[in-house]
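> This is what each chain is made of:
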Amino acid sequence: MSYDLTIEPIGQTLALEDGQTILDAALRAGIHLPHACGQGYCGTCKVRIVDGTVDHGNASNFALMDYEREEGLALACCATLEEDTTVEAEVEVDADERSIPVRDFTGRVVGLDDLTPTIKAVRLSLDQPLDFQAGQYVNLELPGGIGTRAFSLANPPSGATEIELNIRLVPGGVGTSWIHRQLAVGDAIGLSGPYGRFFVRKSADMPMIFLAGGSGLSSPRAMILDLVETGSSLPITLVYGARNRAELYYHADFLELAARHGNFTYVPTLSDEPTASDWAGRRQFVHEAARDHFGNDFRGHKAYLCGPPMMIEASISTLMQGRLFERDIYTEKFFSAADAQQVRSPLFKRV
Amino acid sequence: MDMKVDKKLGLKERYALMTRDLAWETTYQPMDKVFPQVTYEGIKIHDWNAWEDPFRLTMDAYWKYQAEKERKLYAILDAFNQNNGHLSVTDARYINVLKLFLGSTPPLELMAARGFTNVGRHMVGAGPRVACLMQAVDEYRHFQTQVHSISNYNKYYNGMNEFAHQQSRMWYLSDGKSFFDDAITAGPFEFMVAIGFAFEYVLTNILFVPFISGAAYNGDMAAMTVGFSAQSDEARHMTLGLECIKFMLEQDPDNLPIVQRWIDKWTWRGTRKLASVGMMMDYMLPKRIMSFKEAWEMYFEQNGAALFNDLARYGVKVPKCFVQTVAEKEHVTHQSWIGFYMKPDSTPFHTWIPEKDELDWLSEKYPNTFDKYYRPVLEHFDAQEKSGNRFNNKTAPMNCQVCISTIKFNDPDDPMKTLIRSKTYKGEKFHFCSLHCEEIFDAEPEKYIQAYISSHQVLQGNCAPEGVDTTAPDFEPGAHIAAYWRLDKAATGDFNGSEDQANFAAWRRQATSN
Chain P
55 MSYDLTIEPI
65 GQTLALEDGQ
75 TILDAALRAG
85 IHLPHACGQG
95 YCGTCKVRIV
105 DGTVDHGNAS
115 NFALMDYERE
125 EGLALACCAT
135 LEEDTTVEAE
145 VEVDADERSI
155 PVRDFTGRVV
165 GLDDLTPTIK
175 AVRLSLDQPL
185 DFQAGQYVNL
195 ELPGGIGTRA
205 FSLANPPSGA
215 TEIELNIRLV
225 PGGVGTSWIH
235 RQLAVGDAIG
245 LSGPYGRFFV
255 RKSADMPMIF
265 LAGGSGLSSP
275 RAMILDLVET
285 GSSLPITLVY
295 GARNRAELYY
305 HADFLELAAR
315 HGNFTYVPTL
325 SDEPTASDWA
335 GRRQFVHEAA
345 RDHFGNDFRG
355 HKAYLCGPPM
365 MIEASISTLM
375 QGRLFERDIY
385 TEKFFSAADA
395 QQVRSPLFKR
405 V
Chain R
81 MDMKVDKKLG
91 LKERYALMTR
101 DLAWETTYQP
111 MDKVFPQVTY
121 EGIKIHDWNA
131 WEDPFRLTMD
141 AYWKYQAEKE
151 RKLYAILDAF
161 NQNNGHLSVT
171 DARYINVLKL
181 FLGSTPPLEL
191 MAARGFTNVG
201 RHMVGAGPRV
211 ACLMQAVDEY
221 RHFQTQVHSI
231 SNYNKYYNGM
241 NEFAHQQSRM
251 WYLSDGKSFF
261 DDAITAGPFE
271 FMVAIGFAFE
281 YVLTNILFVP
291 FISGAAYNGD
301 MAAMTVGFSA
311 QSDEARHMTL
321 GLECIKFMLE
331 QDPDNLPIVQ
341 RWIDKWTWRG
351 TRKLASVGMM
361 MDYMLPKRIM
371 SFKEAWEMYF
381 EQNGAALFND
391 LARYGVKVPK
401 CFVQTVAEKE
411 HVTHQSWIGF
421 YMKPDSTPFH
431 TWIPEKDELD
441 WLSEKYPNTF
451 DKYYRPVLEH
461 FDAQEKSGNR
471 FNNKTAPMNC
481 QVCISTIKFN
491 DPDDPMKTLI
501 RSKTYKGEKF
511 HFCSLHCEEI
521 FDAEPEKYIQ
531 AYISSHQVLQ
541 GNCAPEGVDT
551 TAPDFEPGAH
561 IAAYWRLDKA
571 ATGDFNGSED
581 QANFAAWRRQ
591 ATSN
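Chains as they are written, first to last, in the working numbering: chain P, 55 to 405; chain R, 81 to 594.
Same shape as in the complex, but just chain R:
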């Protein structure tokens, strides 16, 4: 009998057969009713099948793979916890990195999960839909594993138990929250540029260095393993963001100016968000990896330049903010740390003045700025603290209407001058931390006038516990704020003299002596 022997299928063909028919032309309702969000941003798509799906991962393979990752990760977490791993970190100051991380990052992973679930629903092609679904599940997993890995520290140290309550209320968490609020209320394509491209590709290494490498350098095997487990998902995430950019740029020439505006906007928004991350690298990790400046040069200036060189083929220009980020890299982390130090009653983590050898390290890493502008300030605060006159800024910060960062960064042309821009829109005055944020506002003012700024809410009497009469003549807006935040007094203020410091020292002594 003659048998026709087909050539063995390649992986790509096999994948196509495994996943075809996951998208179809709807008949009960017209396609534009079923997918109402893919057109209003102005992005023109002519052929959804042109979406390249480089991962060729089917859902069944995905579940199997992720389940195995979880088993491995939780085995390591269990071992770390049972072995009192928290006592093996370099010193107890490190735990404040975890507190800042817990408030700022896992809730945003959850927001990312919501965003990708929504975008997965609204993309027309099967390729992006499946990729968004997997990324949504990944983000849930990252949220959960981050919280689980830190929960063991919560048994021993102050300031972690109210992170979920604080996330949408606390002043310094507003910038990250606003980043994701802005992204998930945008259309599906802008969300992909914001999170898939700017966050997951352009800026992701700057996030990973302080967290994963920081954990590894400082003896935190739990957080380090969470990081490695997440990093094996990141390649998929980066690829999705890049693929989306290429897809939009190739589908229609009219998409270029829209994509360019989003790249400009989200690269800047991401940069602002990273100032506090850089602060962890320069000030909070007892064992440092590299300076924020060095990380910025390696990951943003060099790798980012390689990407923008390639994107130039499509006519995309380097983001407008590029020059300003380079000018700011020697300033922002110092300004952020000094800003946090000055508010000892307002964070659930501790601050401190760096030790002398740490100040020397900063002088060496920041030869152009640290000795000239920042070391004298820190040494002044140190002297004041030691003479019993610890500086305490009790006022509420002023925030940028767009990025919600506190207005504290310098004018790029003058390090001695705070950059603030203001304008009146519909009779109300708004303030901005930079020209870039002002331009973002100008493009969509009706969106940004709705921004939630916690300082304003306090002054408007919206942050008092129930039962307090906010209209009483003697009402003091700031008096109830700690209660509103559910801020544990023991978690605030100086690390030196804190309960965490004393406990860690005592437990470590127990663990290492008889």
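In isolation and in its complexed conformation, chain P is listed as follows:
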């Protein structure tokens, strides 16, 4: 039997599987709850049950006292639900998060364009407007038992009923193979959204750096177009990397955007372009291009990272050694069960 878990103060509701702990569900949904031992000994993950009932599982009597149980506290790493439950946890309330409820939509394919040899732009016309924050993603429901796949929205929210997804063909990937080979203009497809906590922290009012690799451009593109449309005058820099010139898409659009908006700087870079080609731009990885462009000093910025894991990891190190730290770095990383199992150290929470 599965139950719904609502996490306050952010008000997000998650469907928990039978036997799934509150911590596991929260981390998988990208909601960071403080935690340490993961097995009920330390008490770091204490939450307050506002409504509902939980089973405390293996919570130690020293980490969760009897009086605390009576007062409605629980350890998120051990607690499973016995009915629909609301908990209050130490989740950072983000002033810029709009907490838009997730809804179901039906989309009709109105465009399928090859952006690069491996990336297609899929344009969908929806049955109702989709309200979202630039940077968020949707889940596409793929047929034939494939299941759902998450894709970032590549268009700014002003698009109302038409959305664009940029989808890379993952070698051997069942879902992306189906989209690249089977999906046709005119097809109907189900989707739900918006999801994710990757969005611009506009209230910080600080210059922004976007680091994007490959099809990880989708979210930064939506965020930058939204900033420009809404008249942001803050400095915005996009460092965008692809393997070679053929994989670099929307290049002309960004050149043109930079020409029109003095506060937007575009830094394209190629990591594996044939040396003999006529590419006159940078031939580096994204993190190297960012380091050189900013002279190894990223202080006073907010940085948004989207791309393959290796690029994210290298970029985080580069930013930190250039004096920009966790509180100013946002990635589209999803927490996995491995985080709860402490494969990583607890030094960082989000990055």
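Hints should not be assumed to be uniformly reliable.
[Unchecked claim] The following label-pair restraints were derived from C-beta to C-beta distances:
| hint | chain 1 | residue 1 | chain 2 | residue 2 | range |
| --- | --- | --- | --- | --- | --- |
| 1 | R | ALA244 | P | GLY349 | 57 to 63 Å |
| 2 | P | MET260 | R | ALA385 | 31 to 37 Å |
| 3 | P | ASN350 | R | ASP127 | 18 to 24 Å |
| 4 | P | ARG123 | R | ASN285 | 42 to 48 Å |
The set of hints was computed from the structure by calculation and includes no laboratory data.
Beta carbons are placed, not taken as given, at the ideal position from N, Cα and C, and that holds for glycine.
We have chain P already, so just place chain R on it with the hints.
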């Protein structure tokens, strides 16, 4: 009437309101006079408010929580003691783990309490001050509960009653004492790296495994419950150490080389201290949990590597000693136990040659080293003991000037060679157990030439009871040492044939037969 309804406060905001104004800019005296210690180590802090306090625990909640823990713990201790719990341990050899623990650990908890009290006084921000205060009280509590849980054993077994006297005098307790002496005489930030980071985070699991799991595996519910009660504080302690490292590294790029030097130093000092802890796992627990080698691989090599991968983002490098600790993990526990066995007149706990099945266990756990280097030595000693020729090393050990370990560990490149390094400083010769300790000395020689080394004190005539003329021509430095240590003869030497062994067997017989 229009009412403005504020959004409900989150836990973080509520905590901030509950604790704000605990730190303020002083006006009667300038801040640098009030907080004189936070600058001289070279650590640069620009914004104390950037200190993140992830626990959001207020003092009133802390007292309530700890009081409840105490009630629960003492109820279990009472039940254990009233039920003659000491007779339920696996076998009487286990009690020697408690003796070694009692001498080495509770006094260090007390030192930690002193250290955190001092650092709490000297940190400028309210976040670290409150966290240090709570940790200081925790450490007092750990000291007290450890002593209380073991005090019941003291009614029945030898060798425990003089632990407080012995702590600062006994040769083999000098390494732990020197670890904390070094830490609390350092500046506040170095203390945080030494204890908060190296000890409470990097090495803490290696301590907890033999004590808590060891107690659980060997039927000691009292010590096990003390451990669980302490472990619920440890998450807070680890977080404080990690937070301090992050804070220093983020505040100023000039802090990196200083922090790196401290990480190198304290990871090595902690590693040396753990050799005798590992010995408990491999030799002293009748029911073993895992080998020291396995614990080192799991907790230091794997979890430690995860931490150092993350720290690499700040530019921190893996501690220099990492490679040597990996090379030593198959040697140090055997060398330590053999070292203790060879000195039967000098410890308030018993030693023994492992039984055959225990030797086989060690052969299996240490396939590269045990049969080749250590089993033949132990079997030789066993044969000697059985033929009435028990080996007894009556000389005083030679100690490393920095970590005060006895010099007995092998050269990482040659297991048959003892590693010793020596150098002359201001006309006096000093010895070191390793290159790492020598480098620690070189960084602060004036600090380490003051180290208290009990072997030297004995030879200098400083360890004789009052009234003995240490200048007399026939004065024998070693003759009075047992009295100086207040060492109970019944607590020393071989477990086999000891009073503890006989009593335990007799009491257990009484408890299980008619």
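> Determine for every hint whether it applies to the structure shown.
Here is what the structure says about each hint:
1. R:ALA244 <-> P:GLY349: 57 to 63 Å: holds, 59 Å
2. P:MET260 <-> R:ALA385: 31 to 37 Å: holds, 35 Å
3. P:ASN350 <-> R:ASP127: 18 to 24 Å: 21 Å Cβ-Cβ, so the 18 to 24 Å window holds.
4. P:ARG123 <-> R:ASN285: 42 to 48 Å: violated, 28 Å
Hint compliance for this structure: hint 4 is the single one not met.
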